[in-house]
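Based on the sequences and whatever the hints tell you, model everything.
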Amino acid sequence: MKISRVAHISFWSIALAFFFCLSALRISRVAFKNSIHFIGPFHSTDSFFFFDTGRPNSSERLIELFGSIPASESVVIFTRSDERRSSFIGMMVAYLAWPHPVEIIDVIDRSPARADHHLETPGAYVFCRVNPPPSCRRGERFGETLEVVTAEKVAIK
Amino acid sequence: MSFFAVLGAIVTILAAGFGALQLVLPSRVRTGFASACALSWLFGTCIVSALIWVVGFVARGAIVPTIVALICVALPLVVCRIKGPPSFWWPDWRRLRAIDVVLASILAAQVVIIFYLSCVHTLGGDGILNWEIKARYAYENAGVLPATYLQDSGRAFSHPEYPLAIPYTELWLYFWLGDSNQFWAKTIFPLFYLAGVILLSSIIAQLTGKTWTGLVGSILLFFIPQVSVGGGSVIVGYADFPLSVFYLATIGYLIRACRPDVDGSFPVYGVCLAFLPWVKREGIVLWVFAALCGALVIVLRKKSPKNLLALLPGLSVIAGWKLYLLRMHAVSSFDFSPLSLSTLQCSIHRLGSILSELGSELAATDKWSFLWALAVIAAAFFLRRYRDIRASVVLAAVIGPICVYVLSYTFSAWPNYIAHLQLSISRLLMHVTPLVVLLIVAALPPNSAQVSEALSAD
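As given, the protein sequences belong to chains A and B, one line each in that order. Counting from 0, one number per residue, gives the positions in the first sequence under numbering that gives the first Met the number 0. Counting from 0, one number per residue, gives the positions in the second sequence under numbering that gives the first Met the number 0.
Be aware that a few hints might be false.
Said to hold, decoys possible - One side of the interface only, derived from the structure: several residues of chain A facing chain B at Cβ under 10 Å:
(1) A23
(2) D45
(3) S73
(4) P100
(5) E102
As the list claims (entries may be wrong) - Beta-carbon label-pair distances, calculated as ranges:
(6) I13/A / T65/B: 50 to 60 Å
(7) P414/B / E63/A: 33 to 43 Å
(8) K1/A / S336/B: 51 to 61 Å
(9) I38/A / Q421/B: 26 to 36 Å
(10) G142/A / L311/B: 53 to 63 Å
(11) F56/B / F10/A: 52 to 62 Å
(12) R84/A / W413/B: 13 to 23 Å
(13) T120/A / A73/B: 45 to 55 Å
(14) R80/B / S67/A: 53 to 63 Å
Everything labelled a hint here was simulated from the structure, so no lab data went into it. No residue lacks a Cβ here, since even glycine has one placed at the ideal position from N, Cα and C.
In structure tokens form, the structure reads like this:
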């Protein structure tokens with residue numbers, strides 16, 4: 000009885016010690032590499048855009064840009080599915096583009112993410128890690144990876 | 000100033016939850032103060048979010064938070080007036096052993112670390128795109144989620160069909176702050192962690208009869224990387240950890256209700272059960288298993304069939320939300336094909352690769368350490384020690400949802416269903432993680448005699 004008790008305690012002590020040590024290493028590696036920055040209404044989206052474009056306060060600037068076009072006009076967002084960050088930033092842009100209707104188009108398979116709806120007149124085109132066509136005049140750039148071109152700047156050849 | 004606004008929001012949530020808790024508990028029952036606070040937080044978040052949603056049908060703008068705040072304040076006052084002042088029991092500090100104090104200090108330090116990590120980390124992708132997005136859009140639309148958002152297929156990636164417990168709790172903070180704010184929105188998640196560790200400690204301590212096991216269980220939870228720092232963890236603002244806390248409370252209080260000498264646990268089980276589908280869509284799966292376990296307890300413990308009425312509120316929540324989505328013509332994301340036998344026949348061949356991926360996931364020590372290996376060993380100890388319905392309840396509550404989640408990937412509509420699984424399975428497994436910790440820690444005490452006899456006494 001006593002031996003089984005000692006075996007029980009020893010087994011669980013060793014098992015939990017291994018558990019704690021292995022986890023502590025992983026947690027300490029991940030946990031303390033960040034520090035507080037961008038405390039504000041767009042704390043998270045600003046951080047994501049900063050990580051992708053290197054530009055601070057991108058959320059407010061994007062909202063300002065989308066605010067300059069009528070709410071009924073849509074925002075067309077071009078992404079590429081072979082780059083995960085492109086799709087992610089595309090969705091972040093869609094989040095900020097409210098109340099405009101949005102359409103996210105994957106340039107790799109050339110189809111809208113959902114093709115069962117009819118969009119209003121596009122008011123802006125957003126290129127997330129996608130090069131704008133040469134026919135577009137230069138729009139508002141956010142670093143090297145994100146560009147917003149309002150419809151009036153799109154010159155059709 | 001923002002800090003005090005957030006504090007006001009939290010206090011009103013706790014007040015509403017406390018009122019509801021006192022309402023469902025029998026008058027003579029004394030609850031632990033810490034457990035009462037934890038349950039008040041869980042109840043409060045769901046009550047406040049549901050109230051905002053319901054009041055939003057008839058009012059807009061400043062009237063919505065005003066009515067909700069009035070109810071939050073009035074509820075505990077009215078309940079105390081009707082049922083008398085609440086009765087708590089407090090731990091006797093003089094009887095605490097040194098080991099309990101040391102473990103409690105470690106646990107407190109872990110909670111502080113979680114608060115810190117929550118501040119330094121951003122909301123995760125889904126934290127913004129699935130949850131905070133609804134709070135923000137509702138705030139900008141006078142406190143009501145815009146119908147255009149629900150019908151917006153361009154934003155179907157944000158799962159407009161997901162329920163509103165988490166986003167509307169964030170919305171409650173926004174009402175108090177007077178603006179939407181991604182930084183302050185995160186503060187609710189460490190509070191779910193705090194509520195989770197309190198409940199885990201209390202449930203384990205009552206199950207094993209030892210305070211130290213409860214504290215070890217809560218400490219163990221922090222050391223699961225997927226819970227503390229992983230993708231979908233407490234600190235990134237996803238609904239999975241809060242859902243796991245609700246599930247822990249549901250099953251934990253059901254286990255308590257198995258004992259004939261514990262009163263007031265079944266009503267708490269009933270309320271937590273009802274809230275599961277309101278926290279996340281997968282809450283319906285957890286609701287089904289928790290309801291089946293509840294029915295089993297009612298039958299085998301010869302409880303009054305009236306207790307089956309505890310299943311009705313959850314059914315109403317599921318039906319009400321479904322009806323609302325139908326009425327609003329809400330779009331759904333196309334993650335899964337419709338359930339049918341023919342679809343199952345076509346895709347059943349996927350099961351082999353899905354199980355293989357699940358095995359890799361469970362063995363991923365960078366996410367789970369040795370949690371699942373220990374769980375298998377602990378399950379044997381647990382079955383030996385608790386030779387009664389409690390063992391069946393805990394094991395069914397852990398294994399059942401995992402089986403359904405795994406099977407669901409055979410219906411995945413993603414072109415690469417393995418990528419779908421790899422992206423989401425860790426978060427789904429989190430739903431049962433606190434219960435797995437309970438399973439492991441309940442196996443720790445070497446003396447098994449007293450616990451196995453606890454139920455056979457009556």
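Legend entry - Earlier hints that do not hold, by number: Those not satisfied: there are none.
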